[in-house]
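S.K.: First to last, the protein sequences are chains A and B. Numbering of the first sequence is given in this note's numbering, commencing with residue 1 and proceeding in unit increments. Numbering of the second sequence is given in this note's numbering, commencing with residue 1 and proceeding in unit increments.
FYI, nobody ran anything at the bench for these hints, they're computed from the structure. Just so you know, these numbers come straight off a predicted model, no measurement behind them. Don't take every hint at face value.
[As the list claims (entries may be wrong)] Only part of the chain B face toward chain A is listed, based on derived beta-carbon distances under 10 Å:
1. A74
2. E76
3. G121
4. R142
5. T164
6. G226
7. L228
8. N232
9. F295
Using N, Cα and C, we set each Cβ at its ideal position, and we do this for glycine too.
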Amino acid sequence: MNIVVCMKQVPDTTEVKIDPVTGTLIREGIPSIINPDDKGGLEAALALKDELGAKVTVLSMGPPQADLALREALAMGADEAVLLSDRAFGGADTWATSTTIAAALRKLGFDLIVCGRQAIDGDTAQVGPQIAEHLGLPHVSYVSELEATEGAVTVKRVFEDGYQRIKVKLPCLLTALKDMNKPRYMSVAGIFDAYKREVKVWGLADIEVDQDNIGLKGSPTRVKKSFTKGVKSAGKVYEVDAKEGARIIVEALKEKYVI
Amino acid sequence: MNISDYKGVMVFAEQRRGTVQKIAYELLGVGRRIADTLEEPLLALLVGHGLPDSAAAELIAQGADTVVVVDDPALEVYMTEPYAKAMTAAIERYKPGIVFTGATTIGRDLAPRVSARVRTGLTADCTGLEIEDGTRNLLMTRPAFGGNIMATIVCPEHRPQMSTVRPGVMRRLERDDSRKGSVEKLAVKIEAKDKNVEILEVVVEKAAKKNIEEANVLISGGRGLGNLDNFNKLQGVADELGGLVSASRAVVDAGWVGQDRQVGQTGKTVRPDVYFACGISGMIQHVAGMEDSDFIVAINKNSAAPIFEYADVGIVADINKVVPALVEELKAAKAAR
Chain A
1 MNIVVCMKQV PDTTEVKIDP VTGTLIREGI PSIINPDDKG GLEAALALKD
51 ELGAKVTVLS MGPPQADLAL REALAMGADE AVLLSDRAFG GADTWATSTT
101 IAAALRKLGF DLIVCGRQAI DGDTAQVGPQ IAEHLGLPHV SYVSELEATE
151 GAVTVKRVFE DGYQRIKVKL PCLLTALKDM NKPRYMSVAG IFDAYKREVK
201 VWGLADIEVD QDNIGLKGSP TRVKKSFTKG VKSAGKVYEV DAKEGARIIV
251 EALKEKYVI
Chain B
1 MNISDYKGVM VFAEQRRGTV QKIAYELLGV GRRIADTLEE PLLALLVGHG
51 LPDSAAAELI AQGADTVVVV DDPALEVYMT EPYAKAMTAA IERYKPGIVF
101 TGATTIGRDL APRVSARVRT GLTADCTGLE IEDGTRNLLM TRPAFGGNIM
151 ATIVCPEHRP QMSTVRPGVM RRLERDDSRK GSVEKLAVKI EAKDKNVEIL
201 EVVVEKAAKK NIEEANVLIS GGRGLGNLDN FNKLQGVADE LGGLVSASRA
251 VVDAGWVGQD RQVGQTGKTV RPDVYFACGI SGMIQHVAGM EDSDFIVAIN
301 KNSAAPIFEY ADVGIVADIN KVVPALVEEL KAAKAAR
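With the hints as constraints, model all of the structure from the sequences given.
M.R.: Given below as structure tokens:
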């Protein structure tokens, strides 16, 4: 089985801080990590490889330094790595990103595509289903369990109020939840090996895609402006009895439209 | 694409097991405002099978001008492709300028698939939706970088302008039974090949999955509560606010609640809309996990507790007296509405 895992290198948003004076994002010194849901998807793919034998290719789109995330995946046990990197891909929204990645997937070939549900820097959960649409594949998102059966996969698909067990024939695309497993660590030999192996870098010339559909130009959406929510002002503290305290809290919640 | 052909606001009226979900009414609330600004109609798209007439009537009472019903046996249980086909057909037929979908595990599956199909933009988890003067474009504001910054997104040259909105973000309208509207059936042919996955089992769990990282309201308890009985009473507050109970490390270590509810450096990082720190002193390890919450309420009898430095509202009082008073006040506030 040919499995392609789509991954994104992201800043660890739990480490992101706001400058209290300027109110801007402090980007320096923020570690880059493999997006957690993608890492869950990678682990699920590697588990299938351990169980049944499969070739696992990791695919990412991003700047040259995203190479690091792919090498981490190689060190965990992935067989091949491809980085889509070209200025022409830059500024893409989810529609243009998914179009670009779909073109690379057509070239790679696949039986199963695994994406993370969403990336922690954007939280959109769009790219996986959109890739599936561009490729005309069925997809199942919010996957928390995965097993392979003959020519198909059976998954647990999570909802807010329950779950479904779904069987879907290959080829198909799944989006994985980080909770589905505990990703393995890189092996020492794997780390050593990963730096000797090739991460293929594909640019615009390496994939077949309409230039009108990629990058900023191919993106239906535009960022008009971005801003911080502003630094919080100090709150108020009341020394009152319990009943009055409760009343103050309820009034505040009303103002915040919580109730 | 001729943008001027696209008019009106369409809201996906999500239903589960025949019950229209709250998010549908919340979307009608914001949709009504936008449609009125544009002086264009508000449509609700209701997809399912054998839904009662009362479902469409309720959507009208809560703001829809027209309810578009797509009914087919294949649409009884949510499945991506048949639903995507139904929604795409509705977009092609009614050509709405704007489409809102709930940012639920259904909406976040369906909307991207449809946006890719009709080649338009989709903005996830919008917290602000406005019409821009002059261009009449939709301004879609959403958090990014884990809520650290906000971005306003536009989709100027493609239609419809699609966005998802999380449950609990928008306000529904006052329901009004005298509101008039129409119900139209849209026939969509769902073929065998559209059912491209096989649902083996559907399991409904009584309570929604409880993940404190996804809760909008957290009622967090600390050592100051004194004992397990008092800690368990926080559930009453959580029930009134539709929130979850979480805890400090001390409470988890004491075994009052499982580790999956722990907030802080060694627990989870949370950013709810409202965070209650109940009998929590506010040590830095705890604060690291909750300081980015939108609105923080702290209750502690020690006026010197560091938690008050982070609170938007602080109450210096015995938490075990405040909890029952708060439940009572919340019930009264609800009854008054």
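S.K.: Where does the structure disagree with the numbered hints, that is, which hint numbers, in rising order?
M.R.: Violated hints (numbers, rising): 1, 2, 6, 7, 8; every other hint is consistent with the structure.
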